[in-house]
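S.K.: For reference, the chains in residue letters:
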Amino acid sequence: MASSDDDEGEIAIDSVTNYQFRNSQNAPISFSILPLHWNNNDHEQAIENGESSVALLGMADGGLQSVYTEVIGWKVELSYAVPEVYMLSKGKKWIKLQKPRKCYGDVIRSVLIVIRCLHFAKRNVHATRNDIWSHLQKTLRSFSHDLVESLENCLSAHLPLIRSAVAKDKDLAKSKRFLWKLRILGLGEEKLFMRNFSLSFALKDKRTSNKSKFIASDDDDENDEDFDDESEDPFDSVCAFCDNGGDVLICEGQCLRSFHPTVDAGVETCCESLGFKNAAEYEAIETYLCDNCKHQKHQCFVCGLLGSSDKSSAVEVFPCASATCGHFYHPKCVANSLYPSDKILAKQLKSQIAAGESFTCPIHKCRSCQQGENKDEYELQFAICRRCPEAYHRKCLPKEIAFDDSADGTIQQSAWDGLLPKRILMYCMKHTIIPSIATPKRDHLLFPFFEWKRDQEGSRRYMMVERRSKSFGNLKGQDTKKMPMEIERRYSTVAYGDTPPVKGKSSTMHKMRSSFDDNKSISGNLERPSNKIRSKPPYKDTHREQRFTSKPVEKTVVSALPKVDADMKTRILKLMEDSASSFDAEEFIKEKKRRCTSEIYTPQYGLDKTITMGKVEASVKAVKAAVKILEDGGSIEDAKAVCEPNILNQLIRWRNKLNVFLAPFLHGARYTPFGRHFTKADKLKEIVDRLHWYVEDGDTIVDFCCGSNDFSCFMKEKLDTMGKRCKFKNYDLFTPQKTFNFEKRDWFSVPVEALPDGSRLVMGLNPPFGVRASLANKFINHALKFKPKLIILIVPKETKRLDRKIPPYDLIWEDCGMLSDKSFYLPGSLDTKAQPLDDWNVKPPPLSLWSRPDWTAKHIQVAEKHSHIVHQKQNEPHTLDGVVDMDLSSDLGPVASSTNPLCNQPSYLGQSSGFVPPHDATTSVQYGNYGPGIGYTQSGQHANYGFPGSTFYHGQPNYGYPGSTYYYGQQPNSAYPPSSSIHLQGPTSTIHSRPDFTSMGTTPPNHRYNSN
Amino acid sequence: MGQSAEEEYAAFEEKVKRTIYVDNLSPQVTKAVLENALNQFGNVTDVQFIPNYFKSCCVYAALVEMESTKQAAEIIREMSDSPLMISGMPRPVRAQEAKIEMFDDRPKKRQREIKCYWMNPSHKNFEVAKKIKDLTKKHATEATYLMELQLANEEKLHHQQSDTLKSNYKKYELIDGAQTDGTVRRLAARYGTKLNE
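One line per chain: the protein sequences are G and S, in this order. Taking full-length UniProt numbering, I'd label the letters of the first sequence as residues 1 to 1012. Taking full-length UniProt numbering, I'd label the letters of the second sequence as residues 1 to 197.
So here's chain G without its partners, still in its complex pose:
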């Protein structure tokens, strides 16, 4: 079928321009999915998978001839001045690709970028990474104008291509820097660099054209903070076999090591890896324990021999006390190494360690100057040998340990920057670097219970060559999983053939690891990663209905009484598998993830797997040990050697992450409401009582995130009694109980045309806040598109103020105290006494009313008429000026300037027990809500601001009632312990220092006016 019926167009064509590729569904597709060939001959054995055909469409002969041919493979030629890509047609002819069709360019952009990258690296073996970037920037710019999506994505998306290129191409393999650059792909610093690069590029790009759609624009200000977070991780994530970064599996145990799980993951360094066959296999393991940790037999870092670290039996090797170290030592070895010249001290130390006293190993002191490490100071960062306990300061590093190969080839590079967090990765002079693998001989790891089949260097090299070709071979097939795995392992006992190849379907099943997903298929318990893993038939707890309805329909009649026979088993298993595979786990996860608001806490798979038990234990232990050292009068230096300062923050970060992950468990009841909190009905009534004065007949009231939809209902009630006829519109993502004028819709998807003109619009209320008010800002921004005459908001103080927007809105009033206390509740959740859970904010979000400038004068009038604004002429003349300015100005300039000076000194004046005019029916309710009446009776005026001398919470004086523990006592919240000292900050301190303030107790009840 291959060549006979190929069309005649095939003959003359050797290059195609204006090309594109389509699959059998006629959808555009990248040629990179086809098998890659590295020379012209090996297509003979290429797997001919005619079914999933890819067609090449384009023009040949300068546009005279149109081409349509099926292609089955491709190759790339990097030797020429310009990289060339050839396609292998079904007729076994190579066709050179020239220019892609314009609209198709997007599809193959990333692979072209990678090819460019490889090409440059090959031709410039000594190029630094900066060279590569600048080259890319140049060539790619000429290539197309909107091309640079995140380079990082490009590179990581085509890692197999890069790896196979490196494995195949001698020049590339020599291009050390390129290699290392790729190695550190995935490590903090480099990532940061790349990210900066692509971002800055993207920004430039945006200016020239609006097409840079690849960079997420809407939330890019939120997900940045994660980065410095990660780069501060004091634990290294470098493979213990080959000392390279990348995709590693972290051991959960005490050794704190990482390993490349698959040969593929470590292919750049020819890592022997743990020998997993594919990602699915190790991803299915919840917690990976390396053989050493599993059997509690660890190597002594000095002598390299295994010893028992099992505390329940005779311990032979002891772990170093340092939090990030993870090395074990024989007491004798480490004592001798710490005191090489002093036998007596060494002996003493030896017995101390053997008795279980904690010690820090030699790598926490510089070999040459005996001083400790300081990661924050560049010169005092450590270079630690990966093979033996040797460490130097950057400044003390012997010259022989070089960061570069010397030109004459006499010195091999033996130190690398950027691989370890704030440390140098190095091999000390005792180890000879083998140039081909850029590490010393890799015979340093010893696992228990396995005969160590140690080859001489020659045979190892042979093995590597073989592995290399195998891993390359994987790429030739379309699917790595199909390759029979016969990679030679060190364990002579291991044979791979005993595991049947996993079917394609199952791999997706194995990938499900998200916390969203309650279905995880697990591989059997691992004793040895090498040969014990067997994938279970993928099984997902099938759709529930199956339990009730689905019974396999079978026409054949069995005469005997049915038994569960093999046939039935396979049939049912098949059924289950089918049903499981119809469920696309990745898609599901992606879909759910879209809805997550907090990017920071949505690690890729459930919980961050880097938080291992070993690390946590070691860190906590180290913290305690460090405290003990200090208490015993030890030096800070010693303590820092045990527990570097970073660990403390790392612990807090971990705790936060775990807290988020475990939140449903820790605060079960709070999880019913989808993380929402609603304003309590009585508060809403208060707001309605105040707001309704501003609403006019015929207005439309929009609640953009209506929650329970109570607000609109109350509003309607009130307005009906006032005789105002208004329309209502309520949006939310979740259908509320009261569906009064409700539309289930994401606020951001509401188009401007959907609502009446802005001068008829009153909108706002309590949007979700998001991280640092990011969501609130988004809601407001969308609301502003409608140009409503009034916006009422309950948003946190961090929210960008509307008078700083363009065009700015004017603040009519702001009430910071109204929503203090338990003004919110968690819908749908109950505490143990079956009462709805209250919610409160440590910093109560202010309620504020904003007006479109052309309506400001009118609204101010209303506000004054109903005493929503306080005039405090006698006390705060400046403020009043501001108010007057604002009142009168329809012109924006003066408003802005008059508000500015007030920003930092809000005039919280005259806020008294009565927010609401006395006639209001809800007053008593409201008082009740404010808890013990002392606050009012004692000094009646500033109940929300705390009394001088009362207890405050973390500088949040708004909570400072005398005896305010009353509020918290109900629900102890360890995050906000009562602080005994008074933190008066910002505006409040001003208030308290003003002597005449307290005399204002007689001020009539008024709404507070705050002009900032």
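To be clear, the hints were calculated from the coordinates, so they are not data collected in a lab. A portion of the hints provided could be inaccurate.
[Unchecked claim] A few chain G residues that face chain S, going by a derived Cβ cut-off under 10 Å, partial list only:
hint	residue
1	Ala279
2	Glu283
3	Thr287
4	Ser341
5	Leu345
6	Arg571
7	Ile572
8	Glu587
9	Asp632
10	Ile636
11	Cys643
12	Ile647
13	Leu648
14	Ile652
15	Pro664
The C-beta atom is built at its ideal place from N, Cα and C for all residues, glycine as well.
Since the structure of chain G is already known, use the hints to place chain S on it.
M.R.: Leaving out everything else, chain S in the frame of chain G:
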């Protein structure tokens, strides 16, 4: 009487349409909790827990009757859109339409009357009846087997989830312990580093 039975059945069918079946419930979920959780989206009129046949897994199911069919459909949509956790770990609750078979107390459908009698092997329909009988048995075996498999999987999943939870909680406790007893803060104070709590 026939009339009323028919009516009763129609009313029951209405009720089924108004009802949703929720499962993966945590054992801590009580009627009040469930009611309250679902009241966010509509009005719950009745909650009926279904006895748990999967003892080992500790997940429960319930039938929740809503005020209207529309509300029921709405809830199912909401809950499949976003994972709703009721009373915490380990799983989000799932919802689907209730089916008639789920009700223990379903009324008899009038039209269907089942009569049992012995059949003579020489009867012309004997073979047919036998076939049907065997098929039914076969289906039953298959269903049992399927259930077994599902149960085993369910159990495995449950163990896995609780193991993950346990180990993570242990980590949390470890860190939390060091933090709440002030060790971390003390050390930070000695180091002079600022904690970004």
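S.K.: Now, for every hint given, state plainly whether the structure supports it.
M.R.: Checked hints:
1. Ala279: Result: violated, 19 Å to nearest chain S Cβ.
2. Glu283: Since chain S brings no Cβ nearer than about 13 Å to Glu283 (chain G), farther than 10 Å, the hint is violated.
3. Thr287: 6 Å, holds
4. Ser341: 32 Å, violated
5. Leu345: With a minimum Cβ separation of about 27 Å from chain S (threshold 10 Å), the hint on Leu345 (chain G) is violated.
6. Arg571: Status holds, d = 8 Å.
7. Ile572: 5 Å, holds
8. Glu587: Nearest chain S Cβ about 14 Å off; hint violated.
9. Asp632: With Cβ-Cβ at 13 Å, over 10 Å, it is violated.
10. Ile636: 7 Å, holds
11. Cys643: For Cys643 (chain G), the interface hint holds, since the closest Cβ of chain S sits about 7 Å away, which is under 10 Å.
12. Ile647: Result: holds, 9 Å to nearest chain S Cβ.
13. Leu648: 5 Å, holds
14. Ile652: This interface hint holds because 6 Å falls under the 10 Å limit.
15. Pro664: Cβ of Pro664 (chain G) sits 4 Å from chain S, so the hint holds.
Checked against the numbered hints given earlier, the structure breaks hints 1, 2, 4, 5, 8 and 9 and satisfies all the rest.
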